Amino acid sequence: MKTLPLKSFGLFPNWFATCLHKCLKEKALRPGKQVHAMLLTSGMDMKVLSMSSKLVGMYASCGDMSSARMVFEKIQNPNVFALNWMVLACAFNGYYEEAIGYFCLMQELGNVGNKFTFSILLKACVGLMDVKKGKEVHAVGKKMGFVDEVSVANALIDMYCKCGRVCYAQRVFDRMVKRDVATWTSMICGYCNIGKTGKALDLFQRMKLEGLEPNDFTWNVMIAGYARDGDIKGAFALFSRMTRERLVPDLVTWNAMISGLVQSQQAGEAFKLFRDMLVSGIKPNLVTVTGLLPACGLTGSMQRGREIHGLIYRMGLDINIFVASALIDMYSKCGSVKNAQNVFDRIPVKNIASWNAMIGCYGKHGMVESSIQLFKRIQEEGIQANEVTFICILSACSHNGLVEEGLKIFRSMKESYGIEVGKEHYACVVDLLCRSGRMVEAYELVKEMPMEVPESIVGAFFNGCKIHGRKDLAKMMAQDILKMELKKPGGYVTLSNIYAADGDWEEVENVRKMMKESNNHKKPAFSWVEKRNEFVGEGKESDVVEMGADKIKKAKNDGESKDLDSTGLGG
811 MKTLPLKSFG LFPNWFATCL HKCLKEKALR PGKQVHAMLL TSGMDMKVLS
861 MSSKLVGMYA SCGDMSSARM VFEKIQNPNV FALNWMVLAC AFNGYYEEAI
911 GYFCLMQELG NVGNKFTFSI LLKACVGLMD VKKGKEVHAV GKKMGFVDEV
961 SVANALIDMY CKCGRVCYAQ RVFDRMVKRD VATWTSMICG YCNIGKTGKA
1011 LDLFQRMKLE GLEPNDFTWN VMIAGYARDG DIKGAFALFS RMTRERLVPD
1061 LVTWNAMISG LVQSQQAGEA FKLFRDMLVS GIKPNLVTVT GLLPACGLTG
1111 SMQRGREIHG LIYRMGLDIN IFVASALIDM YSKCGSVKNA QNVFDRIPVK
1161 NIASWNAMIG CYGKHGMVES SIQLFKRIQE EGIQANEVTF ICILSACSHN
1211 GLVEEGLKIF RSMKESYGIE VGKEHYACVV DLLCRSGRMV EAYELVKEMP
1261 MEVPESIVGA FFNGCKIHGR KDLAKMMAQD ILKMELKKPG GYVTLSNIYA
1311 ADGDWEEVEN VRKMMKESNN HKKPAFSWVE KRNEFVGEGK ESDVVEMGAD
1361 KIKKAKNDGE SKDLDSTGLG G
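In short: position in the sequence shown from 1, add 810, done, that's my numbering.
Keep in mind the hints are simulated off the structure, nothing from the lab.
Bear in mind that the values here come from a model prediction, so they are computed numbers and not experimental data.
Backbone N, C-alpha and C fix where the C-beta goes; we use that ideal spot for every residue, glycine too.
Treat the hints with care, as some may be off.
Stated by the list, open to error - No farther apart than 27 Å at their CA atoms in a straight line, the calculated lysine-lysine pairs in the BS3-like style are these:
| no. | residue 1 | residue 2 |
| --- | --- | --- |
| 1 | 884 | 945 |
| 2 | 933 | 835 |
| 3 | 857 | 945 |
| 4 | 1281 | 1224 |
| 5 | 1160 | 1148 |
| 6 | 952 | 857 |
| 7 | 1276 | 1224 |
| 8 | 953 | 943 |
| 9 | 988 | 933 |
Unchecked claim - Label-pair ranges, simulated between beta-carbon atoms:
| no. | residue 1 | residue 2 | range |
| --- | --- | --- | --- |
| 10 | 1289 | 1234 | 48 to 54 Å |
| 11 | 1086 | 1015 | 47 to 53 Å |
| 12 | 1060 | 1194 | 33 to 39 Å |
| 13 | 1218 | 1289 | 27 to 33 Å |
| 14 | 1086 | 1197 | 35 to 41 Å |
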């Protein structure tokens, strides 16, 4: 929109209103400000044609939140148009709490809003990932009769699905009299996101039976869902079906397939599909290469990694921070620290992800001093380290035996950086202590953990006990597991196997009695006890305990060591 003429003729209220509406539609901020200035100098009453509300809408549409707020605050009785625009602008600019605040103000002023208001509010709840607020908006919308509107019902389904409450979304879906393509797609997306691709496929089929054709987005959601879950056969079946129905897979479809193959560690198939994509005339984008680079790391193929790196330049794609981090990770996994360093050095403005990738690269290749130096540089440059930063640096210390340095960094997390210590951090430090033979400290650290102890940490500790000959600590840990996990079934198997491996059959019998007294049962799962080429996975926990102990006893009598090793303490 060109700069507006500053002539004094024809400046009637309708002219101003038309100009503001045009500025709003075209998101033309500079001409909009000129109209605002002319309004102020004209002395026109801002109540005429709700001119102030139109100004709020114009500024909000252009993303100038400070000006929108300033104009809004001067309106004595804001109408639903102004309030809607404030809710919309806040929601779309990430001010989710403020968006809900304006809605509350709307209610205080006696405005109930409209279907547009509720759809926007539900998007704000998604931004906050606050299902409680979403339910409150749902309740108000229901009271006002807006939930029968397709657009509002669709927004409700989207909110519940994205907040992980697919069952609530299903209830809204089931109560709808009229559904459109967006309704079905949101519901399908919700099931795909929680791994229920079978349920999603049922909806996909039902949608077609009801006379609605899935759009490109619906197809892509389904294909991505199957690919993400590792069901590549299902993803390919849909991909082929899409072609049979004379639909042309777009870039999003190809990207979903390639990404799914890589996540399923089928690197060769991913490269083949990438070639097919190029032959079909689809040009890759940064999402494509970011998804494909990990395949090079999986195969350790430096040549393919370099080819993709070169392709990025040949196609004139800008290497953003995410692609750069993926390149660093790829070169690291392919064994080229030098190339990873070159990519890192060329990043003009580094974010924490790129720093983390380089710290991890150095640590993986035994260059722990370089990892620590980079960690210190982060602090010097005023960049806020995150949870992943500490996983990378602690892992580097663990793999290179820097016990004291690792412990120092671990203890500084909460105190110096305000970062909560998570399971992954504990796992790194337990591994660090176990590798160096400091088993008592490892035991004490596990006991200090404020959260449930994951199996990975227990496994690392038992492995350390085996290597350093500390069966006494292993027994203590197994007994503690029963207490810490409120006698969850897994602890009984562990404790029984440890006693059996040590030949303490009296204690094995005691564990059996404890199991029967507590009536504790375990869901079918894999056991530590190997039975030929299969793992025990059926029956009650007491059966598993007895089978495990008997297996170990027989192995001891037969002089076998293979089955004892399955306990981690066989010798």
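Which constraints among the numbered hints does this structure fail? Numbers only, ascending. 1, 3, 4, 6, 7, 10 and 11
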